[in-house]
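S.K.: Line by line, the protein sequences are chains A and B. Quick note on this note's numbering: the first sequence kicks off at 3 and runs consecutively. Quick note on this note's numbering: the second sequence kicks off at 69 and runs consecutively.
Simulated from the structure, these hints should not be mistaken for laboratory data. Wrong hints could be hidden among the right ones.
As the list claims (entries may be wrong) - Once the Cα atoms are required to be at most 16 Å apart in a straight line, the calculated EDC-like pairs of lysine to aspartate or glutamate come out as:
#1 LYS114(A) to GLU228(B)
#2 LYS174(A) to GLU257(B)
#3 LYS205(B) to GLU265(B)
#4 LYS224(A) to GLU165(A)
To be verified - So, partial list: chain A residues that the calculated Cβ filter (under 10 Å) puts toward chain B:
#5 PRO136
#6 GLY137
#7 SER151
Unchecked claim - Residues of chain B clear of chain A, computed beta-carbon distances all greater than 10 Å:
#8 MET69
#9 LYS139
#10 ASP182
#11 ASN249
#12 ARG304
No residue lacks a Cβ here, since even glycine has one placed at the ideal position from N, Cα and C.
These are the residues of each chain, in order.
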Amino acid sequence: MAMVQKLQHNVTIKGTKDGLVLLLDDKCSFDLLVEELNDKLTAGSSQMLNGPVISVKVKAGNRYLTAEQKEKLIEVLKQKENLNLDHIESEVITKAEAEEMRKDAQVVTVSKVVRSGQVLDIQGDLLLIGDVNPGATVMATGNIYILGSLKGIAHCGTKGNEEAIIAASVMKPSQLRIAHHINRAPDSYPELGNEMEFAYISNEEKQIRIDRISAVHRLRPKLNSLL
Amino acid sequence: MGEAIVITSGKGGVGKTTTSANLGTALALSGKKVCLVDTDIGLRNLDVLMGLENRIIYDLVDVAEERCKLKQALIKDKRFECLYLLPAAQTKDKSSITPEQVKKIVQELKQDYDYVIIDCPAGIEQGFKNAIAGADKSIVVTNPETASMRDADRIIGLLEQEDMEPPKLIVNRLRNHLAKNGDMLDVDEIVSVLSIELLGVVIDDENVIKAANKGEPVALQPDSKASIAYRNIARRILGESVPLLSLEEDKGFFGKIKTLLGMK
Numbered sequence: 003m004a005m006v007q008k009l010q011h012n013v014t015i016k017g018t019k020d021g022l023v024l025l026l027d028d029k030c031s032f033d034l035l036v037e038e039l040n041d042k043l044t045a046g047s048s049q050m051l052n053g054p055v056i057s058v059k060v061k062a063g064n065r066y067l068t069a070e071q072k073e074k075l076i077e078v079l080k081q082k083e084n085l086n087l088d089h090i091e092s093e094v095i096t097k098a099e100a101e102e103m104r105k106d107a108q109v110v111t112v113s114k115v116v117r118s119g120q121v122l123d124i125q126g127d128l129l130l131i132g133d134v135n136p137g138a139t140v141m142a143t144g145n146i147y148i149l150g151s152l153k154g155i156a157h158c159g160t161k162g163n164e165e166a167i168i169a170a171s172v173m174k175p176s177q178l179r180i181a182h183h184i185n186r187a188p189d190s191y192p193e194l195g196n197e198m199e200f201a202y203i204s205n206e207e208k209q210i211r212i213d214r215i216s217a218v219h220r221l222r223p224k225l226n227s228l229l
Numbered sequence: 069m070g071e072a073i074v075i076t077s078g079k080g081g082v083g084k085t086t087t088s089a090n091l092g093t094a095l096a097l098s099g100k101k102v103c104l105v106d107t108d109i110g111l112r113n114l115d116v117l118m119g120l121e122n123r124i125i126y127d128l129v130d131v132a133e134e135r136c137k138l139k140q141a142l143i144k145d146k147r148f149e150c151l152y153l154l155p156a157a158q159t160k161d162k163s164s165i166t167p168e169q170v171k172k173i174v175q176e177l178k179q180d181y182d183y184v185i186i187d188c189p190a191g192i193e194q195g196f197k198n199a200i201a202g203a204d205k206s207i208v209v210t211n212p213e214t215a216s217m218r219d220a221d222r223i224i225g226l227l228e229q230e231d232m233e234p235p236k237l238i239v240n241r242l243r244n245h246l247a248k249n250g251d252m253l254d255v256d257e258i259v260s261v262l263s264i265e266l267l268g269v270v271i272d273d274e275n276v277i278k279a280a281n282k283g284e285p286v287a288l289q290p291d292s293k294a295s296i297a298y299r300n301i302a303r304r305i306l307g308e309s310v311p312l313l314s315l316e317e318d319k320g321f322f323g324k325i326k327t328l329l330g331m332k
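The following block holds chain A by itself, in its conformation from the complex (with noise of 0.2 Å):
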């Protein structure tokens, strides 16, 4: 009996305003961890399992979860209609995943005309020391930073971020693209207009709009790391 008392403490269920945190102990084996949340979602009468939709967060702590053990817990949770899965976390990750992190963070100077027919495609945020001519492409995960004229096509947030902005000295894209929206230009572009500009995803309208440079503070607070 105080053995099955002892195991039943693997998986702890705490109620917060926000909703439910479900705690999952990181020694024991990820079989037992099932089973004892089916056990526990199961048999257990609380208000707080039967009532209306709540929101719920797994914490694996120190244990690393792989894909099909999300999987897992996923498919137990949704026995239960009215748990709705907000997200799992873990303390750890893979070195792979954080590498992937690092390389997403980076920002990657690159000094060269990119021409027409190249395609640069970076993993972070692009710095180009140079122009993007007709026909060229310019890909980031990040955000895009031209010292150059922009003529070509630029595409930021290629892994679908919408923060993501794209920055020229000379804004006259043929194209830009931010995680999957899609502008075309203007079939020409006004003489004027010299200074700097940036394209971003518009909250209200969730189209690709252009600014001028100096009001990317107001619309996009979180590019700056001097907080």
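With chain A held as given, fit chain B onto it using these hints.
M.R.: Relative to chain A, chain B alone:
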């Protein structure tokens, strides 16, 4: 040991062959030993512009496949002792030769000649790869029009990946009055987009067409505008610093006086 210069453009019809013929002629005029190599297999023209078509016995493919010696395929120019042409084959296509074969031939020619001028076919495929294989330097020819500039940009991108000096630019067939009115791209705009060194500007001159049809490169004429432009480009290749030709049309006597008096 001479140097090999490939003349290329990406787009067809901008004047690669005309430029090759005229630069070769202009370099020969300054007493250099020059060999022109036509790599446009299947659509050869350089022999026609040089007026040497009916002297061809062996060609580039024959040399590559060792059906003849290199010296046997070379055709001596009618006018210059020091100018030779290695013609392309007309009956084969671009795939009948490999970049390695061209490289070997060009290396061999560089032993005997000061300049080996390689005329590149249009496009970026096999023919282009063959043409640039043995080159030390490259010249990109463009016309002052958008399509031609796009292709030039593409070609410059490809050339920059090769192990050779950065390419230089010739703007060919410029019509000055159109550029001035803004109906045509002007030279500054082209140079700023392509951002490579400008080697020269050749005015659109009907003498070029007349001369080509006669099989006599225009560079042989003493005073036509295109001829002077080509000879100046040749001097720049030789390392002289020659200022760009004034693109202004002759204003005539009264025009000059007006300029002098500051009226215009």
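S.K.: Next step is simple, just say for each hint if it's right about the structure.
M.R.: Hint check results:
1. For the given pair, LYS114(A) sits about 10 Å from GLU228(B) by alpha-carbon distance, which is consistent with the 16 Å threshold.
2. In summary, the hint linking LYS174(A) to GLU257(B) is supported, as the alpha carbons are separated by about 15 Å, within the 16 Å threshold.
3. A threshold of 16 Å between alpha carbons decides the hint, and for LYS205(B) with GLU265(B) the separation of about 13 Å falls inside it, so the pair holds.
4. For a cut-off of 16 Å, the pair hint linking LYS224(A) to GLU165(A) stands: about 9 Å separates their Cα positions.
5. Nearest Cβ of chain B to the Cβ of PRO136(A): about 6 Å, under the 10 Å cut. The hint holds.
6. With 10 Å as the threshold, the beta carbon of GLY137(A) comes within range of chain B, its nearest partner Cβ sitting at about 5 Å, so the hint holds.
7. Hint on SER151(A) holds. Least Cβ distance to chain B is approximately 9 Å, under the 10 Å limit.
8. Taking the minimum C-beta to C-beta distance to chain A, about 31 Å, the non-interface status of MET69(B) holds against the 10 Å cut.
9. Look at LYS139(B): its CB is around 39 Å from the nearest CB on chain A, clear of 10 Å, so calling it non-interface holds up.
10. Against the 10 Å criterion, ASP182(B) stays outside the reach of chain A, whose nearest CB is about 31 Å from its own CB.
11. With a cut of 10 Å on Cβ distances, ASN249(B) stays outside the contact zone with chain A, its closest approach being about 15 Å.
12. The non-interface label for ARG304(B) is consistent with chain A: the shortest C-beta to C-beta separation is roughly 23 Å, beyond 10 Å.
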